[in-house]
Each structure stands twice: as C-alpha cells, then as structure tokens.
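Residue 321 in UniProt numbering is what sits at position 321 of the sequence shown, and the numbering runs on without skipping anything.
Keep in mind that the hints were calculated from the coordinates and are not lab data. Remember, predicted model here, so these are calculated numbers, not experimental data. For every residue, glycine included, the Cβ atom is placed at its ideal position computed from N, Cα and C. There could be a bad hint or two in this list.
Stated by the list, open to error - Derived DSSO-like pairs (lysine-lysine); straight-line CA-CA distance at most 30 Å:
no., residue 1, residue 2
1, 185, 244
2, 285, 222
3, 270, 244
4, 208, 147
5, 208, 282
6, 197, 147
7, 255, 222
8, 222, 187
9, 120, 166
10, 281, 222
11, 230, 185
12, 137, 222
13, 187, 120
14, 208, 137
15, 216, 187
Stated by the list, open to error - Quick list of the computed label-pair ranges, beta carbon to beta carbon:
no., residue 1, residue 2, range
16, 150, 202, 24 to 32 Å
17, 221, 95, 32 to 40 Å
18, 88, 14, 47 to 55 Å
19, 284, 189, 45 to 53 Å
20, 14, 89, 44 to 52 Å
21, 164, 57, 49 to 57 Å
22, 121, 204, 29 to 37 Å
23, 267, 121, 36 to 44 Å
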Amino acid sequence: MSTFIFKDKNYVYTPVSNVFIDKHMPRARGEFVKVYLLGLKYCVSGELGVNSSIMASTLHLLETDVLNAWSYWNDEGVIKMTPVDNMGNFSIEFIDLSESNINSTEDINLLEELNNNSTKDMLQDIEKLLGRPLSSKEMTMYIGWIKDYNFLPEIILLLIQYCASKGKTDSRYIEMVAIAWHNAKIKTIEDAQTFIKKHEDKWINIRKILNYVGIKDGEVMKPQEELLTKWLSSYNFSLEIIYKACDICFHRINKADFKYIDGILTSWFKDGIKSIEDVDKKDNKKAYKKTSNFKPKLDSFNNYDQRNYDFDELEKKLLGWDNNA
1 MSTFIFKDKN YVYTPVSNVF IDKHMPRARG EFVKVYLLGL KYCVSGELGV NSSIMASTLH
61 LLETDVLNAW SYWNDEGVIK MTPVDNMGNF SIEFIDLSES NINSTEDINL LEELNNNSTK
121 DMLQDIEKLL GRPLSSKEMT MYIGWIKDYN FLPEIILLLI QYCASKGKTD SRYIEMVAIA
181 WHNAKIKTIE DAQTFIKKHE DKWINIRKIL NYVGIKDGEV MKPQEELLTK WLSSYNFSLE
241 IIYKACDICF HRINKADFKY IDGILTSWFK DGIKSIEDVD KKDNKKAYKK TSNFKPKLDS
301 FNNYDQRNYD FDELEKKLLG WDNNA
C-alpha cells in the first residue's frame, strides 16, 4: 500500500485546467482521469496525503490501477511524482498546465507530427499492440526513432510487436531494444527479422541450458546471461559440449556453479575443443599420462636392487638335473 503526499494550496473548489481537458483527458483511460481528478480534489482541499487503498476503494479500482495512473500522468508531464522512501510512498506535485508552460518546441513538433497521417496511424497501431494509450513522452520517442535511427514505421511496429509478444510493454525495455536494433544497423524489415531470429535462437538455447541445470528462465541474472552468451556465441560451443561441462561440474562439486562451468569451457576453448570426441580424447590422454608416469613409492618392500633370475636353471637345480650335465 502506498501513500501519496500532496503539495499545493488549499482551495474551496477543484480547478481543472482546460489544457488538461483539451489535450490530456481525451487520450487517457477513464480510470486514469478519475485518479487525477480525485487526487487534485484532495490536494486543493487541504489533504496532506492519502493512501492508494482509500483512493482505490473510493473509485472502485484496484490499487495497481491507482499506481499505474500516477505513473502515466507523471510520464505525461501533468504531475511530478517523486519517491520519498523505500516503502512505496510518493510526493505528488500537480504541474501548472497553462499554455505558456506547454508551448515548448517539443510539444509543438509533436502536434505538427500528428498531422502526418502515416505517423498518426503508426502511433494508433502501437497503442493497439500495447493495449494502452501512449504518453506524449512515448509518442515523441517513437517519432524520434524515425528521424534519429532512420527506422521505417513498419520497423517500429515490428519492434513493438516483438516486445509485446514477450510480455514486455514497458517503455524503458522497448527503448533498450530499439537501441540494440540501431547498433545492429537494422534498416529493413528483413534485417529486423534476421536479428530477431538470431536473438531468439540464442535464447532458446539459453533456456535449454537453464532447464538442464534446473534453473527457471525468469531467475537468470545478468552475469549468468553474459556467461551463457559467451559459451554459445564467443566460444561457439554446441549444447552437447556445454551439457558435458555441466555434468563434470555436478560430478565434482554436486551443484550448478556457473563460474566452475565457465572455467571448464574456457579451458576447452583454449585447447581447441570442438566436439565431444575432442573432450573424450583429452580425458583419455590425461588418464594415460597419469598411468604412464606412475612410480611406486619406495618402502621396505621394494626399496632394494631388483634381481634377474634364470628360471630354467633354477628348475634344473631343484630337480637335480644340473649334476647330470
């Protein structure tokens, strides 16, 4: 449960900016508008704060809806939402939405871009893919990709569809994927599809390895992901070889240890190991070297000069044949 602390003056009425009504309200979800208006009412009536449970109960919403609403309005630049502690409590400051404050170059450019039918259609399609309205910040970001990254609208839609298919609709995650595509010099739909296939093939193999060592996909950490990527991409090892290293790790220390497995695979990579047969040859060679270099420890039993006997001559002596010679 979160508590929201309001910062504003005490009024006997609730003033709602026409800018909010004309510009922000039409694009927002109904429950987001309800949260904004109720919060504004609490703020101007002198309430020091209210928790999300009370707001959710008053508006017949879920607490997550309340939190999502404040996050949305923060992204829209309608409020300033600042964490005040690590307990999920925030300071909410309502921004002055006068015309003088919103006529920035960025907003004017956004309004001009929305007159472009292809851009407008792209943004509408993105909203359908994400299942939510876009903030002005998000719209500006997507339009910026066309200019800064030379992305076609079709590529942007494919990128959003790809992220949505993975259940990742957060704007920060989507932006990280866009940066990766830009760094990979993706210019066409074919480039994007090839990149997706390569990336997905890698993750299919990563999931198989995680499953082999008994780790759920959602539990993989960034350092582990980097090691897995190194084994598959940099070392170019097959799953069979990686499984073999995992087996050796289990046999020696009875658990999955990524650093231990990495040590085995790094050693194999330096030795030019390419297949399971190479691994077996290396193991056999090591075993032979151990046995061929074996030297018994000297003790009272074997610490003397060994003698060579002529067993035929000994037999003649025992039978008395040597006297008949």
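Taking the hints in turn, this is what the structure says about them:
Between residue 185 and residue 244, the direct Cα distance comes to roughly 36 Å. Violation of the 30 Å bound is thereby established for this hinted pair. A distance of roughly 37 Å separates the Cα atoms of residue 285 and residue 222; the hinted pair therefore is violated under the 30 Å criterion. Taken as a hint, the residue 270 and residue 244 pair is honoured in the structure, with Cα atoms around 17 Å apart against an allowance of 30 Å. For the hint linking residue 208 to residue 147, the alpha-carbon distance of about 39 Å lies beyond 30 Å, and the restraint is violated.
Restraint check for residue 208 and residue 282: satisfied, since their Cα atoms lie roughly 26 Å apart, inside the 30 Å limit. This hinted pair checks out: residue 197 and residue 147 have alpha carbons roughly 26 Å apart, not beyond 30 Å. Proximity of residue 255 to residue 222 is assessed by CA-CA distance (about 20 Å); at most 30 Å being required, the pair is judged to hold. At most 30 Å may separate the alpha-carbon atoms for a hinted pair to count; residue 222 and residue 187 meet this at roughly 28 Å.
This hinted pair checks out: residue 120 and residue 166 have alpha carbons roughly 25 Å apart, not beyond 30 Å. Simply put, residue 281 and residue 222 have alpha-carbon atoms about 34 Å apart, too far for the 30 Å limit, and the pair is violated. A C-alpha spacing of about 22 Å is found between residue 230 and residue 185, which places the hinted pair at or below 30 Å, so the restraint holds. Annotation: proposed proximity of residue 137 to residue 222 holds, straight-line Cα distance about 28 Å (limit 30 Å).
Restraint check for residue 187 and residue 120: the C-alpha separation of about 21 Å stays at or below 30 Å, so the hint holds. Taking the CA atoms of residue 208 and residue 137, the gap is about 38 Å. The hint is violated against a cut of 30 Å. For the suggested pair residue 216 and residue 187, the alpha carbons sit about 35 Å apart, so the restraint of at most 30 Å is broken. Evaluation of the 24 to 32 Å hint for residue 150 and residue 202 yields a pass: the beta carbon distance comes to about 26 Å.
Evaluation of the 32 to 40 Å hint for residue 221 and residue 95 yields a pass: the beta carbon distance comes to about 38 Å. Distance hint check for residue 88 and residue 14: the Cβ-Cβ separation is about 26 Å, which falls outside the suggested range of 47 to 55 Å. Distance hint check: the CB atoms of residue 284 and residue 189 are about 51 Å apart, consistent with the given range 45 to 53 Å. Hint check: residue 14 to residue 89, Cβ distance near 23 Å, so the stated range 44 to 52 Å is violated.
For residue 164 and residue 57, the hinted distance range of 49 to 57 Å is not satisfied, since their beta carbons lie about 32 Å from each other. A hinted range of 29 to 37 Å holds for the C-beta pair residue 121 and residue 204, which are about 34 Å apart. Distance hint for residue 267 and residue 121: a CB-CB separation of about 55 Å, inconsistent with the stated range 36 to 44 Å.
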